[in-house]
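A.B. asks: All chains, full assembly: derive it from the sequences and hints.
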Amino acid sequence: MKVSSGRRQRRAIAVGFGCAVAACGGATPTANAPSAATTEAGPSAGAPAEESVRQVPTPRAADAAKKSESAASQPADHVEAPPAASPAPALAPGRAPADEPSASASPSIAVARARADLDVALRSLDGRPGTCGAACRALASMERATTHVCETASPDDAAETRACEDAKRTLRAADARVRSSCGTCR
Amino acid sequence: MRRPPSTLPALGLLLLAVASCAKRAPVATRAVCEEATVVDTNLLSYLSAARARHHEANVREDDDDVPGAIAALEKLVAMPRPSASATASAPAPEIEEVLADARARLAELRVRANDVEGASRDVAEGLTHAPDTSYFRGHLLEVAGVVDEARAAAYADAGKPNEARAARARAVTSFQQAVSVQEAVIARTLDGRVRRDGGAP
Numbered sequence: 001m002k003v004s005s006g007r008r009q010r011r012a013i014a015v016g017f018g019c020a021v022a023a024c025g026g027a028t029p030t031a032n033a034p035s036a037a038t039t040e041a042g043p044s045a046g047a048p049a050e051e052s053v054r055q056v057p058t059p060r061a062a063d064a065a066k067k068s069e070s071a072a073s074q075p076a077d078h079v080e081a082p083p084a085a086s087p088a089p090a091l092a093p094g095r096a097p098a099d100e101p102s103a104s105a106s107p108s109i110a111v112a113r114a115r116a117d118l119d120v121a122l123r124s125l126d127g128r129p130g131t132c133g134a135a136c137r138a139l140a141s142m143e144r145a146t147t148h149v150c151e152t153a154s155p156d157d158a159a160e161t162r163a164c165e166d167a168k169r170t171l172r173a174a175d176a177r178v179r180s181s182c183g184t185c186r
Numbered sequence: 001m002r003r004p005p006s007t008l009p010a011l012g013l014l015l016l017a018v019a020s021c022a023k024r025a026p027v028a029t030r031a032v033c034e035e036a037t038v039v040d041t042n043l044l045s046y047l048s049a050a051r052a053r054h055h056e057a058n059v060r061e062d063d064d065d066v067p068g069a070i071a072a073l074e075k076l077v078a079m080p081r082p083s084a085s086a087t088a089s090a091p092a093p094e095i096e097e098v099l100a101d102a103r104a105r106l107a108e109l110r111v112r113a114n115d116v117e118g119a120s121r122d123v124a125e126g127l128t129h130a131p132d133t134s135y136f137r138g139h140l141l142e143v144a145g146v147v148d149e150a151r152a153a154a155y156a157d158a159g160k161p162n163e164a165r166a167a168r169a170r171a172v173t174s175f176q177q178a179v180s181v182q183e184a185v186i187a188r189t190l191d192g193r194v195r196r197d198g199g200a201p
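Respectively, the protein sequence lines represent chains A and B. The first sequence begins at 1 in my numbering and counts up by one. The second sequence begins at 1 in my numbering and counts up by one.
Calculated from the structure, these hints are not laboratory results. None of these values were measured; they are calculated from a predicted model. For every residue, glycine included, the Cβ atom is placed at its ideal position computed from N, Cα and C. Treat the hints loosely; a few may be bogus.
[Unchecked claim] These stretches of chain B come out as covered by chain A in the derived footprint (C-beta under 8 Å, 3 or more residues):
| no. | segment |
| --- | --- |
| 1 | 136-142 |
| 2 | 170-181 |
| 3 | 184-190 |
[Stated by the list, open to error] In silico negatives: residues of chain B with every beta carbon more than 12 Å from chain A:
| no. | residue |
| --- | --- |
| 4 | 66 |
| 5 | 83 |
| 6 | 118 |
| 7 | 128 |
| 8 | 159 |
| 9 | 167 |
C.D. replies: In structure tokens:
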């Protein structure tokens with residue numbers, strides 16, 4: 001729930017910027033420059049959202065932060081191509097000049113376009129690297145699961161013992177990875 | 001203690017956007033802004049109500065009132081959801097995350113209340129709201145393991161070692177899946193790579 005607050009804020013921020021950019025674009029020709037809108041929206045929308053994710057984990061993630069024990073796991077099944085990791089979440093690239101005709105043609109089409117632009121922008125924000133709050137939250141969940149695996153595993157059961165060792169190994173690797181990118185998780 | 005997120009910056013920007021639209025935008029552009037703002041306002045209202053329910057559950061938990069905390073979260077998952085907009089074919093991801101997270105918390109509370117079967121149902125329901133690789137899915141798998149751990153203990157106490165062993169094995173499997181999913185989430189977050197888990201337990 002509190003994770004979604006980060007996304008909620010991103011969405012709200014993106015909507016705010018989208019509306020502001022669209023409004024300015026309609027008012028003054030010079031404000032139509034898409035690159036200006038993009039540079040404004042990128043850092044401004046991203047920074048507070050990331051901070052919010054870091055500071056406000058989900059209820060369960062808050063518990064995770066309290067219990068930090070280390071350990072590691074088994075590899076996931078396959079790797080997919082990344083979702084459009086383009087750095088610039090262009091809220092309305094090339095949209096501003098088209099505002100007048102498309103909007104006058106049909107408000108519902110304009111709304112659909114605006115929403116599509118917003119979705120693209122939000123996906124770009126979500127997919128951008130460096131969201132340490134999300135990584136730390138996932139790491140905490142890994143730690144809890146690994147602790148459980150090792151507590152649950154019977155020492156007489158070779159498969160369960162191996163599962164514990166695998167989980168510890170995976171956790172160690174993930175921990176190192178998060179530390180190298182983000183430093184210490186709070 | 002769980003802290004709620006601050007929505008003030010986002011709300012402030014929304015208000016600025018509305019003001020900007022009202023004063024400066026052409027009529028058609030204003031319509032775009034108004035609709036987008038209305039959609040987000042509904043979503044914000046829902047999220048705010050959900051957050052209030054979590055607060056309520058926190059207070060109940062602090063008072064060791066586990067049934068009260070469960071009741072608060074049951075109200076959360078029963079809340080009417082903002083209707084999907086005409087252009088959106090799927091429910092808002094934020095709502096799905098709220099529901100997945102609430103189900104995970106409900107399941108943990110039910111385990112504490114010795115309602116293992118109820119907890120199991122919550123996990124199953126929660127997983128329907130988190131079908132893809134995500135923190136929420138990983139967390140639900142983690143809770144699934146906790147539920148089976150509790151089940152194994154109950155079987156052991158009842159003198160049913162075989163059932164206990166089977167439940168423990170399921171718990172280990174769920175924990176392994178949770179580790180894999182969160183590993184994938186970390187990889188995706190830090191590297192932009194996406195992996196998928198082997199499926200729901």
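A.B. asks: Does each hint hold? Answer for all of them.
C.D. replies: Hints and how they fare:
Counting residues of the segment 136-142 of chain B whose C-beta lies closer than 8 Å to any C-beta of chain A gives 5; at least three are required, and the coverage claim holds. Only residues whose beta carbon comes within less than 8 Å of a beta carbon in chain A count, and the segment 170-181 of chain B has 8; three or more means the coverage holds. Only residues whose beta carbon comes within less than 8 Å of a beta carbon in chain A count, and the segment 184-190 of chain B has 7; three or more means the coverage holds. Every C-beta of chain A lies more than 12 Å from that of residue 66/B, the closest at about 15 Å, which supports listing it as non-interface.
Here residue 83/B stays apart from chain A, with its beta-carbon at least about 15 Å from theirs, past the 12 Å limit. Every beta carbon of chain A lies more than 12 Å from that of residue 118/B, the smallest distance being close to 18 Å; the non-interface claim holds. For residue 128/B, the shortest C-beta to C-beta distance to chain A comes to about 17 Å, beyond the 12 Å cut-off, and the non-interface label holds. Look at residue 159/B: its CB is around 18 Å from the nearest CB on chain A, clear of 12 Å, so calling it non-interface holds up.
Listed as a non-interface residue, residue 167/B fails to keep its Cβ farther than 12 Å from every Cβ of chain A; the least gap is roughly 10 Å.
In summary, the one numbered hint that this structure violates is 9.
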